[in-house]
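Chemist: Next come the chains, spelled out residue by residue.
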Amino acid sequence: MLIRKLTKVLLLISVFTIALYGCSGRKEDTNKSMTPANGKLSFTELTKAAQSEPTYGGSITVGITQDLDGLDPHKALSAGTKEVLFNIFEGLVKLDYDGNLVPAVAESYHISEDGMVYTFTLREGVRFHDGSLVTADDIVYSIKRCADMLTPKDPTVIVESALSVISDVGSTSERTIEIRLKQAETELLPYLTCSIVPKDYDKLDTKPIGTGPFKFLSYTPLQSIVLERNDQYYMEDTPYLDQVTFKIFSNTDTAFMDLQGGNLDILPYITDSQVSQLPKGYHMESGAMNLIQGLFINNKVEPFDNKLVRQALCYAVDRQAVIDMVAGGRGNVIGTNMYPGFKKYYDESLVNVYPYNPEKSKKLLKEAGYPNGFKFTIKVPSNYQYHIDTAQVIVEQLKQVGITAQIQLIEWSSWKSDVYRGRNYETTLVGLAAELAPRQALARFRSYADNNFMNYINPEFDALYKQGEIEGVEEKKIQLYKQMQAMLTNDAVAVFIQDPYQMTAVSDDLGGYTYYPIYVQDMSLVYYYKQEFESD
Amino acid sequence: MKYTFKKCIVFIISLFLTSFLTFTAFEVIPGDSALSALGMDASKEHLEEYRKAMGLDKSLPIRYINWLKGAIKGDFGYSSSYQMQMKVSTLIKNRLIVTLWLAILSFLIIVLVSIPLGILSARKKNGILDDLITLVTQIFMSVPSFFLAMIITLIFGITLKWFRPGDYISPEDNFGGFLRFMMYPAIAVAIPKIAMMVKFLRSSLLREMELDYVRTAKSKGMTKISILFGHILKNALIPVITFLAMVLADILAGAILVEQVFNLPGLGRLLVTSIANRDYAVVHVIVLYIASLVIIINFIVDLIYQWIDPRVRRD
Amino acid sequence: MKLKVKTCHFNYILGLLITSLVLLMVLIGFFYTPYDPNEMNVALKNNPPTLAHLLGTDNFGRDILSRVMKGAGTTYIIAVVVVIIGGTLGTIVGTLTGYFGGWFDEVVMRLNDVLTSFPSILLALVFVSVFGPGTYNIIIALGIIFVPSYARVVRSEFIVLKERDFVKNAKLMGAGSFRIMFIHILPNTRRVLIPALLIGFNNAVLAEAGLSYLSLGVQPPQASLGRMLSEAQSYMIDSPWYAIAPGLMIILTILGFSLISGGMENE
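Residue numbers (this note's numbering), protein chains in the order written: chain A, 1 to 536; chain B, 1001 to 1315; chain C, 2001 to 2267.
Just so you know, not all the hints are guaranteed correct.
Here are the simulated lysine-lysine pairs, PhoX-like style, with alpha carbons at most 20 Å apart [stated by the list, open to error]:
| no. | chain 1 | residue 1 | chain 2 | residue 2 |
| --- | --- | --- | --- | --- |
| 1 | B | K1161 | A | K280 |
| 2 | B | K1052 | A | K153 |
| 3 | B | K1073 | B | K1093 |
| 4 | A | K203 | B | K1124 |
| 5 | B | K1224 | B | K1124 |
| 6 | B | K1069 | B | K1044 |
| 7 | A | K344 | A | K307 |
| 8 | A | K466 | A | K182 |
| 9 | A | K344 | A | K366 |
| 10 | B | K1125 | B | K1224 |
| 11 | A | K207 | B | K1069 |
| 12 | A | K466 | A | K482 |
| 13 | A | K199 | A | K153 |
| 14 | A | K203 | A | K144 |
| 15 | B | K1044 | A | K153 |
Chain B is nowhere near these chain A residues, computed Cβ spacing over 10 Å in every case [said to hold, decoys possible]:
| no. | residue |
| --- | --- |
| 16 | L77 |
| 17 | N100 |
| 18 | I111 |
| 19 | I158 |
| 20 | V333 |
| 21 | K482 |
A partial selection of chain B residues facing chain C, derived with a Cβ cut-off under 7 Å [said to hold, decoys possible]:
| no. | residue |
| --- | --- |
| 22 | T1004 |
| 23 | D1130 |
| 24 | I1139 |
| 25 | P1144 |
| 26 | S1226 |
| 27 | L1233 |
| 28 | N1235 |
| 29 | L1288 |
| 30 | A1291 |
| 31 | I1300 |
Think of the hints as simulated: they come from the structure by calculation, not from any bench. Using N, Cα and C, we set each Cβ at its ideal position, and we do this for glycine too.
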């Protein structure tokens, strides 16, 4: 009896192993084609999609390493929360995986020639998750809520400052909404991705209702949030999955252990070392993160108020070596403060302004009056191991030119108030996450900007920025933006390092996982392949 | 009676002190809960509005008194990490269950394992078995709890697949599964304490064995076993119980790291995230919980001491 | 300090052996390490133990043996100073409260309770924010966290000892309180105090590890056992040697000391 049972188990195990072998074969394929890091929809996706057909149904579990900071889309702050809520809520327009704005709740839009009036036409038959139709009133309410135009104000709503140019929002008919501006603004559209919610609905915090491909089912703090398929979604072919559970972990290591136990189907943001530890049945997919990782410098403090010193730092850091060391080569060197995702606006040539050159660095230091180098501290938020690792490599590299850098770990909350707002630091190593519009990436360098934490003061830059704000002709705008980027690079405001790759572990049974230029985990495109081992 | 009354007053004063210290701690450490709630790019005006609405613009004593007014009525306010929409008491209630179960399970393991081992070790004093038990327990005592947790996960979770690491099962869904999962973190918490307990019990038993009454009993011709269970153990266990009470308080504090490794949604993990988010309302209540437990346990220890040895009672 | 060990206990000797070995390694580490402990090398990332790198290399290609030698030194210095601070302050507090008793004792012991129940991370955070992060402030924070336990130990000894005849005699002979406390009674607490100091050293090593796990400890790239262990967590499955080296070093350190202190109590 016992023996029979044992043989059964053994048999099962062997079948299982065979199945796993089948999967791992596929894993190798994907790894091969993974090398070109073109971001966006990877080559693998396309071939896979062509090979096997997506099926409908099924449920998956996705690991996230940050608890949600709320369910109300207008109050949620952390990128981790927005990534999840993307599946529940939509705006008038929506960002697609190529970074284009596509109509969502709105069917079409029109911008007046002077750039002062935006008119949107509602898509017909869009319903909230509770079944009610989306009306123009709901949209006016939602935009007003984001733009801080409601009375009484809710102080916990996070106001989108870019919407402050709006002077008035109103509906002109049942299906048209008109947004009038105080001044012409050509980059407003990306911010109209702000989520549409039912008017005066007061349970957004506990029972959020949106228009997105998934409905909210349940949420338990520190544990999980569960979403279910929205059958009434206006896009008929998506979503594929019936249910998606986002499981919350205290850190990547515990999440990865759960993945190794086979409990997770998708785990985003895995580290370079985890990639090499992926268990059978999973493969890695990667795309550009659109994060500007850099050693940001306080341009006001000694000795960094001297441009030569900052340039010396730039020459002393071997950025490719940093990427090789901390990420196994997965990352793109950048040379300025613009997200490579905004392809049109990004000036790639600036990468080559400061090639690794310790001799030149030493020469510049001598010129600046520091022939024997100097000492400074790098403040690094303690919760980002990636940045801590990067800082350690840079400390070693700077030793070569005689500069002694010391790392000081700082809690994230303290970093926000002391470094970012208080500007009390010498240098800091962090990543600046992508903004919705390209100009936002440059806005922080205006002399008077509240978030100019690098204390960069350059009236010429300010003047160019003002020009860019009102420039309507696209070519000229691009020209201006590139000029500003070059200015930042030449003034060496910071040591811009890289745009890292985001790596995600995905079960071999799943297809359709898609990278976006902003932080998004779009589950509506994910599907199960037709099972090939069903007969086993 | 007077003694108990005095103790109660002391208890309340201690709690006051703890809560006030927690309050001031948040005044000292940098970080701004308004900034945490509205984001680092929030405008100055919005931050001001938020502080005003949440009463953060008032001075420290006034804020403390406001908090105290609510706390006395049992209203501890809202958690700022959840956009002021989650009541601190609800948030903590669910987390407390996890941590309490962790404490209970590890406590049980400690008692069930360490008492037999301690007795065995004391009976075979300086024998090979005693040396072995001492050595093994000492080795376990030397492992940092989070490292032990990592090793347990690696061995039992990943290699042997006896449990699924990180896959916490909530007690409402499946109580049996919950207990089975909780066993592993409980073991991680218990092992270092078992070692301490065995050591303590062993020396307590040995001390007792040398006392006169044991010799008397022996001379009366009682067997070793009956002396051990009839007299020594009873007397030796009394200091052990007080020691166990201290261990219980220690477990609650030590759970912080273990919860992190096992991904348990308990108080310790909540404490760490809440400190990081500058969610002082939550931190405050957790600190008070732990403080009350420690103080109550110390109080019970005092009572037990008195009960054993009335001389301890001081004027 | 003469310690009587009547029967040469096996565990006691083992403890001495382990401790002297570990200490020797750390002492050498202060003057010589096979490699520069902070030197990185991409080509050597996560290499298993080889003849050139006896304990393997870490995720930056740094030599783990060199880092363990240097790191253990850092950890030991932290632990020793913490025990000195905590032990001294704790002894003073315990002496005064134990000897005088009364309301003074009551107040101080309740403060002790408050301090014990205060989460150590929060306390460490407060210190780090007031004095800035770094090795010294971790020492101060841990030192203060350690005061209550020593105060308790010394206090309970004092309560017993102060009733003894030799104290009464000294009082009759007109010795002042100060003299009685520190000259007559304190030396008699050594039987309890010395093992407590050894155990305190162990607890300090463990506490350093715990704080490093929550990134409040020693700042990278400086090595300490706790820092190395917590960094190694992400590489547990792929490169276990990274975690084993500092982990084993912590275990051996603590094991050696607790075996010795166990032997002393057993005299």
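Chemist: It remains to establish, for every hint, whether it holds in the given structure.
Modeler: To see whether the hints hold, each was checked on the structure:
1. B:K1161 / A:K280: Holds - the C-alpha atoms of K280 (chain A) and K1161 (chain B) are around 15 Å apart, at most 20 Å.
2. B:K1052 / A:K153: Answer holds: K1052 (chain B) to K153 (chain A) is near 13 Å, not above 20 Å.
3. B:K1073 / B:K1093: Roughly 17 Å between the alpha carbons, so the hint for K1073 (chain B) and K1093 (chain B) holds.
4. A:K203 / B:K1124: Outside the cut-off at roughly 67 Å; violated.
5. B:K1224 / B:K1124: Holds: K1224 (chain B) and K1124 (chain B) sit about 12 Å apart, inside 20 Å.
6. B:K1069 / B:K1044: It is violated: about 30 Å lies between the C-alpha atoms, which goes past 20 Å.
7. A:K344 / A:K307: violated (29 Å)
8. A:K466 / A:K182: holds (16 Å)
9. A:K344 / A:K366: violated (39 Å)
10. B:K1125 / B:K1224: holds (14 Å)
11. A:K207 / B:K1069: violated (31 Å)
12. A:K466 / A:K482: Distance ~14 Å between K466 (chain A) and K482 (chain A) Cα, so the pair holds.
13. A:K199 / A:K153: holds (15 Å)
14. A:K203 / A:K144: Roughly 18 Å between the alpha carbons, so the hint for K203 (chain A) and K144 (chain A) holds.
15. B:K1044 / A:K153: Holds. K1044 (chain B) to K153 (chain A) sits at ~16 Å (cutoff 20 Å).
16. L77: violated (5 Å)
17. N100: At about 25 Å from chain B, N100 (chain A) clears the 10 Å cut-off, so the statement holds.
18. I111: The assertion about I111 (chain A) holds, with a minimum of 26 Å to chain B.
19. I158: violated (6 Å)
20. V333: Consistent with the label, V333 (chain A) stays out of reach of chain B, its closest Cβ about 26 Å off (over 10 Å).
21. K482: Given a closest Cβ separation of 24 Å, the condition holds.
22. T1004: violated (15 Å)
23. D1130: This interface hint is violated because 9 Å lies over the 7 Å limit.
24. I1139: holds (6 Å)
25. P1144: holds (4 Å)
26. S1226: violated (27 Å)
27. L1233: This hint is violated: L1233 (chain B) lies away from chain C, its Cβ roughly 21 Å from the closest one there, beyond 7 Å.
28. N1235: violated (18 Å)
29. L1288: violated (9 Å)
30. A1291: holds (4 Å)
31. I1300: Status violated, d = 13 Å.
Comparing the model with each earlier hint shows violations of hints 4, 6, 7, 9, 11, 16, 19, 22, 23, 26, 27, 28, 29, 31; every other hint is respected.
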